[in-house]
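Student: Here the structure of chain A is known, so what remains is to put chain F in place on it, guided by the hints.
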Amino acid sequence: MAATPGRSRSAQTSSAQGIAIAIIFVIAITPAIVGQIVLPSGVIKPLSTQGLPGTLINIGFYISISIIFAILALGFNLQWGYTGLFNAGVAGFYLIGAYVAAFAITAPSPPIVIANVVVYPGHLGGYSLPFVAGAILAMIASGGTAAVLALPALRLRADYLAIATLAFAVILQIFARNLTSLTGGAIGVVLIPKPIELQPPSAFFNTMTIIGIGAAVLLFLLLLLQFISESPWGRVLRAVREDEEATMALGKNTFRYKLQAFALGGAVMGLAGALYASTVGYVQESYFAPAVTFSVWVMVIVGGSGNNRGVIIGAFLIYGLEWFSVQMKDYFTDFGDQIFYVRLMVVGALLILLILFRPEGILRETKRVLR
Amino acid sequence: MARAPESRSRFTRRLARLWEGLHPTPRFRRQVLRGLLVAGIFVAFVAILTSLYGTVILRYVLAGFVTSSFVIVAAIGLTVLYGIRGFANFAYGDIMTLGAYIALLVSLGGISIVWGALVAFVVVGLVGVLLEVVIFSRLEGRGPVPPIVASVGLALIIQNAIRVIATTRPYLYPYPRVQDIPIAPGVGIGPYSQIATLGVGLLFMISAHVLLKYTNLGKAMRATADNLELAKATGIDTKRVTYAAWVVSCSFASTAGVLIGVSAVVSPTLGFDSLLLIFAAVIVGGIGSPYGAMLGGLLVGLSQEMSVPVLLWLGSSGILQLEHPDAIKAAVPFMILIVVLILRPWGIAGRRPTFARRAFFIERLSRVLGERGPIANPPTDDQGEG
Numbered sequence: 000m001a002a003t004p005g006r007s008r009s010a011q012t013s014s015a016q017g018i019a020i021a022i023i024f025v026i027a028i029t030p031a032i033v034g035q036i037v038l039p040s041g042v043i044k045p046l047s048t049q050g051l052p053g054t055l056i057n058i059g060f061y062i063s064i065s066i067i068f069a070i071l072a073l074g075f076n077l078q079w080g081y082t083g084l085f086n087a088g089v090a091g092f093y094l095i096g097a098y099v100a101a102f103a104i105t106a107p108s109p110p111i112v113i114a115n116v117v118v119y120p121g122h123l124g125g126y127s128l129p130f131v132a133g134a135i136l137a138m139i140a141s142g143g144t145a146a147v148l149a150l151p152a153l154r155l156r157a158d159y160l161a162i163a164t165l166a167f168a169v170i171l172q173i174f175a176r177n178l179t180s181l182t183g184g185a186i187g188v189v190l191i192p193k194p195i196e197l198q199p200p201s202a203f204f205n206t207m208t209i210i211g212i213g214a215a216v217l218l219f220l221l222l223l224l225q226f227i228s229e230s231p232w233g234r235v236l237r238a239v240r241e242d243e244e245a246t247m248a249l250g251k252n253t254f255r256y257k258l259q260a261f262a263l264g265g266a267v268m269g270l271a272g273a274l275y276a277s278t279v280g281y282v283q284e285s286y287f288a289p290a291v292t293f294s295v296w297v298m299v300i301v302g303g304s305g306n307n308r309g310v311i312i313g314a315f316l317i318y319g320l321e322w323f324s325v326q327m328k329d330y331f332t333d334f335g336d337q338i339f340y341v342r343l344m345v346v347g348a349l350l351i352l353l354i355l356f357r358p359e360g361i362l363r364e365t366k367r368v369l370r
Numbered sequence: 000m001a002r003a004p005e006s007r008s009r010f011t012r013r014l015a016r017l018w019e020g021l022h023p024t025p026r027f028r029r030q031v032l033r034g035l036l037v038a039g040i041f042v043a044f045v046a047i048l049t050s051l052y053g054t055v056i057l058r059y060v061l062a063g064f065v066t067s068s069f070v071i072v073a074a075i076g077l078t079v080l081y082g083i084r085g086f087a088n089f090a091y092g093d094i095m096t097l098g099a100y101i102a103l104l105v106s107l108g109g110i111s112i113v114w115g116a117l118v119a120f121v122v123v124g125l126v127g128v129l130l131e132v133v134i135f136s137r138l139e140g141r142g143p144v145p146p147i148v149a150s151v152g153l154a155l156i157i158q159n160a161i162r163v164i165a166t167t168r169p170y171l172y173p174y175p176r177v178q179d180i181p182i183a184p185g186v187g188i189g190p191y192s193q194i195a196t197l198g199v200g201l202l203f204m205i206s207a208h209v210l211l212k213y214t215n216l217g218k219a220m221r222a223t224a225d226n227l228e229l230a231k232a233t234g235i236d237t238k239r240v241t242y243a244a245w246v247v248s249c250s251f252a253s254t255a256g257v258l259i260g261v262s263a264v265v266s267p268t269l270g271f272d273s274l275l276l277i278f279a280a281v282i283v284g285g286i287g288s289p290y291g292a293m294l295g296g297l298l299v300g301l302s303q304e305m306s307v308p309v310l311l312w313l314g315s316s317g318i319l320q321l322e323h324p325d326a327i328k329a330a331v332p333f334m335i336l337i338v339v340l341i342l343r344p345w346g347i348a349g350r351r352p353t354f355a356r357r358a359f360f361i362e363r364l365s366r367v368l369g370e371r372g373p374i375a376n377p378p379t380d381d382q383g384e385g
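Chains as they are written, first to last, in numbering that gives the first Met the number 0: chain A, 0 to 370; chain F, 0 to 385.
Heads up, a few of these hints could be off.
[What the hints assert, rightly or not] Looking from chain A toward chain F, a few residues come up when the C-beta cut is under 7 Å (computed):
1) P151
2) A157
3) D158
4) A163
5) A166
6) F293
7) F323
8) Q337
9) G347
10) L350
11) I351
[To be verified] Which bits of chain F does chain A cover? Going by a derived footprint, with three or more residues having C-beta under 8 Å, they are:
12) 133-139
13) 267-280
Just so you know, the hints here were simulated from the structure itself, not pulled from any lab data. Keep in mind the model is a prediction, meaning the values are calculated, not measured. Yeah, the Cβ is synthetic: ideal placement off N, Cα and C, and Gly gets one too.
If we strip away everything but chain A, and leave its shape as in the complex, we get (with noise of 0.2 Å):
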């Protein structure tokens, strides 16, 4: 399908993303829609209340969520699909982005006690930075950290890797949970302000704008990771993911490579995080768990690793999936949250299922020879 004009030029390469990205919307947008022609009007709750401009609220929301996951599952690709370094650590990397964006773009909130109560702890920063500066500093936190971290873990094997990876992710989220004067606990940091602030406020207009950046900043990193990924530095990142030794015998300083990928994979989590952190307007610890990391993983595994813009379609139809399950539920009111758990098992039946027989996933990854 789009995904063949792998040997392509450049020239044509561009005008193949752009066929890739529209059919990327239309797979984007079937879900949201099929969630609201199904379901009657009304039964909706969370954001559409009245007719059409809650509609397009709700499916925006989905939509702008979409986006940020498909950044993070970009972020994994790099690290992943091309270069095969099993990162069990993603909700650690996006976590450390939308903390360190929250603490920079919000106003001051002091501590709130009320009759020597803690209502509220306050927590670190507040400097009220623009959108940019926020989620610039975030990703040089999470790329930051991500490089600190790969200098003892990239020697590991994957499985080593993996199991370190997800204690540092573990630990930041307990971290996050318990040193509550800097992160506000529980509650976590609220009130985080949007990219733009429109005046009078409009939630359809905020809804589009921040539909607007992400989809700008999806499409920026897309061309920049495939233009990445077609340079000579992305075939070492592919020859070390083949076989390591044989780059080495190169004369590649294959440590260098991985831990480069490493860093800049964690720096697009850490831009995701930004991203989610204004989205949202809040960020809580609990929303960071494994979970999410292996959400991610289907998202890769099904769109085909090793393939941008196939990890993107993985995006948009599992978070399809999930935000699927948030309508059922308002739907069958009488689930409760079993409908989540049901997700979370189809999820898990996925990655079995997708391991077990389709491994190369929707897009496969295109074929390159040496010409």
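Tutor: Relative to the frame of chain A, chain F by itself:
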């Protein structure tokens, strides 16, 4: 009277042979000495703490031993499978949860929890074989990542199936809740929740030792874990050994899950929450080494529980501002894990892998060539007797 010296000499000879049977190689002797040294330092440390802060501190030591007993049971199971199948089973925690819930289901019929644990032991062991046949045998030879991904999928399925069927509410096992037996001022020990856990932990350690050291199956398992190709070449049915490893691993997991349920509550995340603790124990001890897992479990469990007084002190003296200082104790094993992974990825009890492989080949080569190693009796001894 003339027989006395001869009988004495026969007795001493027998003693000497027994001593040789124990293989007191220099390395073994060094390890025993090192172990005694560490144990002595630990006892002295606890004694100093007790004299400084009173016997209340012993509560944390006791909690450390209880935690390490279920960590050890789980870590032995995980490391046996890791050694033989060669992948990190991320579903292990949820297999533990499955065992705990099966035991709960059985004991809801009014039967003792011991029977529930036994039923879970058998059932979950069979589930392990099923998993190998249906999923993991198909992923053999595809590197370490595909089995990890599949096991995460399995973990999600088990955990959420339990949430759907049994809901997320925590359950208590039906056993008499009695008062703790005081053993020191301010310290009590629960007869069911703590003594039983310690006893079961010890029992499983001994049975793992007997299984691996004195049975043919155990020897085959150790050989397969050492070198799969070599084990196949020497005629070991490695397929059967793999199934046996799954049975051992999963039944140990079920018992560890029951132990956690006995000392706390049964909840759907019981196993997943302690998964990283168990991984820490396995890696600290050296992957694939059951004795290392015992050592690692002890280290991880004790350090987690004994960090609580330190964290309480840090919180009360205002160095760290913590709302729940003891919640951070869960991060301590992970820090140990990351430090060990950085400094000694082959574990504190293990040896550098390349060196171990070389030593293994040298030993094997000398055995093939008929040369006797330093362990066996020198030939002159036998000739003198004859």
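Student: Give a verdict on every hint.
Tutor: Comparing the hints with the structure gives:
1. P151: Result: holds, 4 Å to nearest chain F Cβ.
2. A157: Where the cut-off is 7 Å and the nearest Cβ of chain F is about 5 Å from A157/A, the hint holds.
3. D158: Result: holds, 4 Å to nearest chain F Cβ.
4. A163: 5 Å, holds
5. A166: 4 Å, holds
6. F293: 6 Å, holds
7. F323: 16 Å, violated
8. Q337: Result: holds, 5 Å to nearest chain F Cβ.
9. G347: Because about 3 Å separates G347/A from the closest Cβ in chain F, which is inside the 7 Å limit, the hint holds.
10. L350: Check passed: Cβ of L350/A comes within 3 Å of chain F, closer than 7 Å.
11. I351: Since the shortest Cβ distance to chain F is 4 Å, the answer is holds.
12. 133-139: holds (count 3)
13. 267-280: It holds: at least three residues are needed, and the region 267-280 of chain F offers 3 whose Cβ sits within less than 8 Å of chain A.
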